[in-house]
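Got chain R; can you put chain S on it based on the hints?
Residue numbers (the numbering used here), protein chains in the order written: chain R, 1 to 76; chain S, 1 to 279.
Careful: at least some of the hints might be erroneous.
Unchecked claim - Chain R residues, not near chain S, derived (Cβ > 10 Å throughout):
no., residue
1, N9
2, G14
3, K15
4, A40
5, S48
6, A59
7, A70
Said to hold, decoys possible - Derived list of chain S stretches under chain R, where covered just means 3 residues or more per stretch with a C-beta under 8 Å from a C-beta of chain R:
no., stretch
8, 31-38
9, 189-197
Calculated from the structure, these hints are not laboratory results. Predicted, not measured: the structure shown is a model, and the values here were computed from it. We put the beta carbon where it would ideally sit given N, CA and C, even for glycine.
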Amino acid sequence: MILLADAVNTAIIGKGLMIGGGFIGPGIGIGIIGGNYMAAVGRNPEASKFLGQALVFIAIIELFALLAFASIFIVK
Amino acid sequence: MVGLFGGFASSGPVVYITSKDIFTIHGIEITNSIFYGWICGVILLVILITLARRMTLKPKGGLTQYVEIGVSYISTLVESSFEDPKRGTKYVPYFVTLFFFLLFNNWLGLVPGVGEAIKIHGNPLLRPFTGDLNATLAVGIVTMGLVYFASIKEAGAKDYLKHFFIGNPLNPMYLFLGIIEMFTDMTRVISLSIRLFLNVTIGEIVIAVFAYLGSFLAPVTAAPFTIIELFVGALQAYIFVILSVMYLAIAVNHATAEHSLDLTDELVTERIGLETENA
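Bound-form chain R, shown alone:
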C-alpha cells in the first residue's frame, strides 16, 4: 500500500473522484428540473412563463457542483 502511494499520485485520483462524484448529483437534479419544465410546457404552453423560477432552482442546485469544482484547488 505504501509502495502504491509512492508510485501513484493519489491527489490526482482524489480530484478525479471528487469531480466525478460531485457533478453526478447536480447533473441529475438539473435534468429533473429541465425535464419537468419541458413536460409542463408541453402539457400547458402557458407554463412557459415560469422559466425564471426554473432557472432559480437550477442556480440553487448548481452551487453544489461549483463547490465540488472549487474543492479541487484545496486538495493537495
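Coordinates of chain S only, in the frame set by chain R:
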C-alpha cells in the same frame, strides 16, 4: 517546434483563485479586484447617468431602451413579489442598482485585458470585482442587512420573530424547528455570495483552460466559453436579485398577513375540510 509544444505541455494554464495586492494607500492594501471594481463603478456611473439624461417619453432607440427594459423588468419583479405592491415600491431603487452593478461587473470581467494580459509585479493588474469572495461577501452582507432591517421595520420585531415558528413557541418541537429555521436564515449570506463568486471565478478558470488548450488558436477555443459566460453573468445577477427579493418578500408577506396562520390550531383541519367541500 517540438520544444515550443513541449514547453506548453509542461507548464499548464495559469489560474488565479484569490485576488492579489497591487499597491498600498497609507498602509491599506489595494487588491486588483478592488481596483477594477472602482474602474467598473466609474464606468457604470458615467454610462447610466448619461443614459438617464437622454431618457424621453417617446423611445428614441439606442442603448437607452435596453436599460429601460432591465429597469422595468426588475421593478415589476420587485413589486409583484409583495402581496401589496405599494410596499415594494420603495425597495425598487436598491434592487435595480444591485442588478446593474453585478451585471456590469460580471460582463466587464470578460473584456480582453482583464486577467493574465496586463501584469504588474508578477500579478494581474485587473481582476473581475465579483471574482473575489471579499467583494461578493460585502454585497451579500449589505443586501441581507437591508433585508433584515426592512422586514423588522415593516413587520415589527415581535411579528418578525414569530414568523420563524409555525406554531406556539412554547411547544419544544416548534421551538426547536424555529431555531433551526433561524440558522438556515443565517446561511443565506454565505450561499448568495459563494454562488456569485464561484460562478464568476470558475468561468474565468474555464476560459483560461480552454485558451491554454488552444495554444495559438486561443481566441477560437475560448470564444464559445466567453459567450456562455456572458449568459451566466446576466443569469447570476438576476438570480442574486430575485433570491434577495424573495427573502425580503417572504418575511414581509408572512409577518404582515392579516390572518395569522397557525397550523397547529385545532380549527384548521375543519376549515380546510369546509373549503374543499365548497370548492
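**Request:** Check each numbered hint against the structure and report the violated ones by number, ascending.
**Result:** Those not satisfied are hints 6, 7 and 8.
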